[in-house]
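K.L.:
Residue strings, one per chain:
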Amino acid sequence: MRESCRVFIHRLAALFRRRHLEDDLDAELRSHLEMAAELNLRKGMTTEDARREALRGFGGIEQIKEIYRDQRGLPIIETTLQDLRFGFRMLRRSPGFSILAILCLTLGIGANAAVFSWVEGILFRPYPAVTHQERLLALTGTARGESGPTYISWPDFVDLQRSCTLFDALIVTKIMGTTLSVGDRAERTIGSIVSANYFGAIGVHPILGRGFERGEDSGRNAHPVTVISYQLWRGRFKGDPEIVGKAQRLNGVLHTIVGVAPEGFYGTFVGWGMQFWVPASMEENFEGGGYKLEDRGARWIEAYVRLKPGVTREQAQQEISAVAKRLEADYPDTNRGRGIKLWPLWQTPFNNAGTLLPTLEIMLAVVVFVLLIACANVGNLLLVRSFARRHEMTVRLAIGAGRGRLLKQLLTEGLILSALGAAGGLLVAHWCRHALVLLFPARAGVSMHLPGEIDWRVLALSAGVCLIVTLLIGLVPAIQTSKIDLASALKSDSTGAVGGRGRSRLRSGLVLVQVSLSFVLLVGAGLLMQSLQRIRAASPGFSTRGVLFTAVDLVSAGYDAQRAQYFQDELAERMKALPGVESATFARVTPLGYGSYSSTPIAVDGYQPPPEEQPTVEYNEVGPDYFSTMGIALVSGREFARADDERAALVAVVNETMAAQYWRGRNPIGERVQVKGRWMQVVGVAKDSKYQSVRETPKPFFYVPRRQNFSVGAGLYIRTPLRPETIAAALAREVHALDGNLAPYEVITLQEQVDRSTSPQLVAVTLVGVLGGLALLLAAIGLYAVMSYAVSQSTRELGLRMALGAGTSNLLRLVMSRGLTLTAGGVLLGAAAALGLTRLLGNLLYKVSPRDPLAFGWALVVMTVVSLAACFLPAWRATRTDPARALRD
Amino acid sequence: MPTSKSEVLQGTLDLLVLKTLDSMGPMHGFGIAVRIQQVSEDLLQLNQGTLYPALLRLEQRGWIVSKWGVSENNRKAKYYSLTRAGRKQLEQEAESWDRMSAMINRVLRTS
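So the sequence lines, in the order shown, correspond to chains R and B. At position 432 of the first sequence (counting the first as 1) the number is 509 in our numbering, and the numbers step up by one without a gap. At position 104 of the second sequence (counting the first as 1) the number is 398 in our numbering, and the numbers step up by one without a gap.
Accuracy of the hints is not assured; some may be wrong.
To list a few chain R residues with every Cβ distance to chain B over 10 Å, as calculated [stated by the list, open to error]:
no. : residue
1   : R88
2   : D101
3   : M112
4   : E125
5   : Q394
6   : I531
7   : G657
8   : G672
9   : Q685
10  : L819
11  : A961
Facing chain B, a subset of chain R residues (Cβ under 10 Å, in silico) [to be verified]:
no. : residue
12  : V84
13  : G134
14  : G137
15  : K142
16  : E396
17  : A399
18  : V400
19  : D816
20  : N818
21  : P821
22  : E823
Don't read these hints as lab results, they were simulated from the structure. All values derive from a computational prediction rather than experimental measurement. The beta-carbon is built from N, C-alpha and C at its ideal position, and this holds for glycine as well.
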């Protein structure tokens with residue numbers, strides 16, 4: 078064993094000293110022959126005989142050298158190096174071909190690597206600074222009769238923490254925003270409300286100060302402390318080394334900065350980088366809606382758990398479901414019909430992982446298509462070259478090269494191409510790391526954070542792709558070579574015809590594949606585009622035109638309820654008084670925004686809920702004239718007026734779905750509904766509208782007057798035909814007049830708000846569109862290359878036809894029809910594939926059938942136009958054939 | 295391919311080279327070839343060239359080492375000499391050769 082090891086090292090070392098060893102061998106053999114000749118001379122031979130006799134005694138010098146060399150080095154490596162050198166030389170000799178092939182592969186592999194890195198950085202390992210994120214799961218509540226995930230309450234969370242044994246840790250994190258004023262600069266900032274164990278549990282250690290301490294997440298507003306992010310510390314606090322212990326006003330309350338998080342930690346929310354963290358005891362200060370830490374009915378928490386090593390999600394789910402069952406039995410008033418669900422990190426429903434998941438899934442399929450098209454293109458290019466190299470191959474075979482050796486060389490050439498393509502592709506992926514963020518519409522003041530992650534897994538996958546590509550493109554010319562028939566090939570090459578079959582079949586097959594794959598992508602892009610249009614055109618149930626939205630952050634400014642009420646009433650009146658403004662009002666939660674509605678268990682006179690269900694409905698707190706301002710029609714009754722204030726009777730407006738569900742055909746006007754223990758009288762029924770997403774199905778919902786359910790934070794809605802910029806200036810003046818320290822947020826139209834809420838669809842359309850375009854371009858290049866080659870190979874036939882009287886139009890038709898036949902075949906195949914495949918778009922499509930004829934038609938038109946363009950140039954060149962020369966050559 | 299035959303030859307050649315270097319001390323390739331032919335009284339007809347792959351093989355295994363030197367006629371030549379591992383190998387090979395030939399002798403006589 079040690080011996081063979083030594084031999085191997087000896088041989089390996091020889092690889093690096095080849096020239097030296099070769100000289101050595103030469104010298105040694107020369108000295109041998111000279112000594113032999115000398116001896117022969119002494120025996121009395123003539124000089125000439127002495128030399129000849131020495132050579133004879135030695136045997137074949139070159140043969141011996143060959144045996145010696147094989148034994149000295151490692152033949153496998155040496156031939157591989159030889160192949161590599163040869164391959165590079167071949168690439169350098171035809172730079173046009175090489176650049177085109179490498180470019181195609183760079184695009185194909187780059188698209189794959191980029192999507193891999195997004196999937197890794199957004200879905201699978203979104204929190205690089207967090208230890209053991211592979212054992213992290215997302216946790217949400219469920220409710221019987223509701224399909225989506227729900228929040229959970231703090232008391233439930235505490236009970237889970239106490240009862241579950243399979244977790245290392247359970248942590249709470251809830252995204253929220255505030256206006257942060259440092260010095261004279263105020264900016265919208267995003268932060269998290271977390272449980273006290275947060276930093277310890279995820280293994281993130283503040284670089285200055287500390288994380289939160291046990292107990293800091295209990296007590297009403299009891300612990301005004303905060304940990305700030307590294308970026309915030311560097312940017313807004315100028316890296317102040319004495320920052321710990323200083324006070325910062327957050328949402329009106331002075332917080333002590335107790336720590337600075339390390340660089341590269343952005344919190345645990347896919348999509349947004351967190352700038353600061355506060356313990357759960359401060360929740361009310363940021364979210365309003367009352368003190369929730371002792372209210373089992375108040376659901377607001379998003380949570381993560383980390384499994385103990387070796388525990389599966391199923392086991393954990395079983396345990397946690399058992400605990401949820403017990404809670405249901407112990408607290409039927411709040412927990413009836415409530416469960417708990419664990420989600421793999423990549424399906425996290427409460428951040429952008431959930432919204433981007435369907436898009437990224439589709440992208441994985443799309444980039445495979447693009448890669449296949451790129452491979453087909455390069456395969457085609459290699460094929461053309463392998464015709465040109467037929468003679469070389471034939472000669473090599475004839476002088477005794479094994480077919481295996483030739484195959485190895487062809488694969489090596491493929492490997493060089495795909496490795497260069499993979500290197501370029503990784504560069505592309507590196508550049509595209511942050512590209513996803515660019516696709517989301519910009520928002521004033523808040524930056525998104527959606528980084529791709531190129532780690533060893535992405536590298537390994539890309540290397541795998543590279544190897545597959547090598548096989549795909551290396552085998553194409555190999556198939557061709559294996560068919561070489563020595564006898565006939567050594568005779569002269571035959572000339573082809575435009576319609577000729579045989580060896581062009583493989584190339585046509587490749588083009589067919591390309592056309593059909595890009596057709597599928599075109600159909601997909603068309604479907605998504607249409608779906609986006611429908612979503613944007615769909616009525617959300619309120620006016621999107623003529624209504625502007627903005628806000629003034631009174632919470633951060635430290636307003637109490639009384640001052641806020643006065644300020645908001647006054648501002649609404651002042652806005653209404655402006656010329657061109659029809660109405661203005663406030664509401665707590667913006668439809669289709671990120672804020673969460675209040676929710677409450679309800680009771681309705683005369684409605685008996687099913688035994689296992691506790692009806693819970695979401696609601697919004699809105700000001701007078703809300704419905705007319707927003708353009709939400711009332712089916713019956715009235716809307717809120719200024720008279721519906723603290724002193725008046727409690728009232729509510731329900732939507733149509735709620736009326737139908739709980740009053741079952743009776744008129745709800747004048748009936749009572751119980752909300753958070755208080756009975757309210759229904760005074761109106763409003764049309765259904767969209768509340769959280771344009772794509773949601775109608776759900777029960779109701780409204781209560783702000784005056785009777787006041788909280789400081791609210792958005793301002795202005796009904797006016799004026800442009801946002803015009804209103805913004807007037808608004809800033811009015812706000813300033815009321816309080817010189819305040820400034821309003823940006824003013825946007827509600828259409829803008831709808832558009833922002835549909836950004837995941839926009840992202841999907843843009844990505845599929847860009848890659849579909851790329852695929853189309855590659856396919857066009859492929860078609861063009863095949864047709865040009867066919868024309869260049871059949872000049873003799875074309876010349877003959879011309880000599881026999883074929884006109885320009887005849888030749889055009891001849892060449893074009895061949896190209897278009899290929900296209901038609903590809904389109905047919907593609908259409909068949911698309912019919913089966915577009916169903917996969919499923920969730921991303923909105924009110925568009927996966928077999929929508931418009932999308933198929935659109936794809937057909939684009940494909941036809943592109944292939945006409947790709948065929949025209951070669952066809953036109955065919956008509957320029959000089960018959961005399963073509964026939965002579 | 296006469297692999298088996300050449301393998302036998304290889305093994306024998308290795309043993310002869312080792313033995314030669316053991317009894318004669320450091321030698322160059324030509325010297326080894328001449329010596330083997332002399333000792334075998336020209337019974338072993340081999341192309342002198344085949345000696346060189348054998349020398350390389352032995353050197354790779356660490357049984358012999360080589361060094362450039364100057365021959366008796368003032369000519370540059372590569373000298374090979376036995377290492378300690380090579381001497382041990384020679385002893386083993388010689389012993390097993392003895393055992394083998396003794397066995398073959400016995401077989402030939404008894405039958």
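K.L.:
Please verify that the nearest CB of chain B lies beyond 10 Å from G672 of chain R's CB.
P.N.:
Check passes; 77 Å lies beyond 10 Å.
K.L.:
So R88 of chain R supposedly isn't at the interface. Is its beta-carbon more than 10 Å from every beta-carbon in chain B?
P.N.:
The claim is violated: R88 of chain R sits with its nearest Cβ about 7 Å from chain B, within 10 Å.
K.L.:
With 10 Å as the cut and Cβ atoms as the points, is K142 of chain R at the interface with chain B?
P.N.:
holds (9 Å)
K.L.:
Please confirm whether G657 of chain R is truly not at the interface, meaning its C-beta sits more than 10 Å away from all C-beta atoms of chain B.
P.N.:
At roughly 95 Å from the nearest Cβ of chain B, G657 of chain R sits farther out than 10 Å, so the non-interface label holds.
K.L.:
With d taken as the least Cβ-Cβ distance between Q685 of chain R and chain B, does d exceed 10 Å?
P.N.:
Holds, because the least Cβ-Cβ distance between Q685 of chain R and chain B comes to about 93 Å, which exceeds 10 Å.
K.L.:
Beyond 10 Å from every chain B Cβ: check whether that's true for L819 of chain R.
P.N.:
holds (86 Å)
K.L.:
A closest beta-carbon separation below 10 Å is what the hint needs, so does P821 of chain R meet it against chain B?
P.N.:
violated (84 Å)
K.L.:
With a cut-off of 10 Å on the beta carbons, see whether E823 of chain R makes it to chain B.
P.N.:
violated (78 Å)
K.L.:
Measuring from the C-beta of N818 of chain R to each C-beta in chain B, is the shortest one below 10 Å?
P.N.:
Because about 87 Å separates N818 of chain R from the closest Cβ in chain B, which is outside the 10 Å limit, the hint is violated.
K.L.:
Can you verify the interface hint for G134 of chain R: is its Cβ closer than 10 Å to any Cβ in chain B?
P.N.:
For G134 of chain R, the interface hint holds, since the closest Cβ of chain B sits about 5 Å away, which is under 10 Å.
K.L.:
Does the nearest C-beta of chain B fall within a distance shorter than 10 Å of the C-beta of V400 of chain R?
P.N.:
violated (69 Å)
K.L.:
Hey, does E125 of chain R actually stay past 10 Å from chain B on C-beta?
P.N.:
holds (19 Å)
Violation of the numbered hints given earlier is confined to hints 1, 2, 3, 16, 17, 18, 19, 20, 21, 22; the remaining hints are satisfied by the structure.
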